[in-house]
Amino acid sequence: MANDIRPDWWAKTSAGLFLGFGLAMALVGLLAYLGPGGITAPDGRFTTLRFLMPFAWIGVFSLCYLFRSGLAAWLWLGGANLIAFAALFACRFWLFA
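Numbering-wise, our numbering comes out as the position in the sequence shown, counting from 1, plus 12.
No lab work stands behind these hints: they were computed from the structure. Heads up, some of the hints might be wrong.
Label-pair distances were calculated between CB atoms; the ranges are [claimed, not checked]:
1. I95 - G50: 15 to 25 angstroms
2. F97 - A53: 15 to 25 angstroms
3. P19 - W88: 13 to 23 angstroms
Note that CB positions come from ideal geometry on N, CA and C, so glycine has one too.
I would like the entire structure built from these sequences, with the hints used as guidance.
What follows is the structure, encoded as structure tokens:
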């Protein structure tokens with residue numbers, strides 16, 4: 013029974029849990045900045061973005077099992093987080109500078 017779960021699934025799951033959450037937050041933040049009206053849009057778009065966040069996280073979390081190993085999941089999702097947060101901070105800097 014202990015052999016039912018492969019050892020790298022724990023690493024993939026933790027990568028999807030932690031790095032997937034950060035990536036989903038950054039992607040939804042980019043959508044808020046780059047969407048119609050920008051971050052200062054007066055409509056109720058933020059409610060829609062708030063409800064979109066769990067679906068983005070579930071999408072990233074489910075894709076983490078497609079990586080070849082747990083280390084690959086951590087490295088690729090970590091790199092994607094760096095790129096997404098760099099783009100998010102770049103949008104914040106350039107759009108409000």
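Whether the CB-CB distance between F97 and A53 falls inside 15 to 25 angstroms: 22 angstroms, holds
Hint check for G50 and I95 - Cβ pair distance inside 15 to 25 angstroms: For G50 against I95, whose Cβ atoms are near 21 angstroms apart, the range 15 to 25 angstroms holds.
C-beta pair P19, W88: status relative to the range 13 to 23 angstroms that was hinted: Hint holds: Cβ distance 19 angstroms, inside 13 to 23 angstroms.
Hint violations for this structure: none, all hints satisfied.
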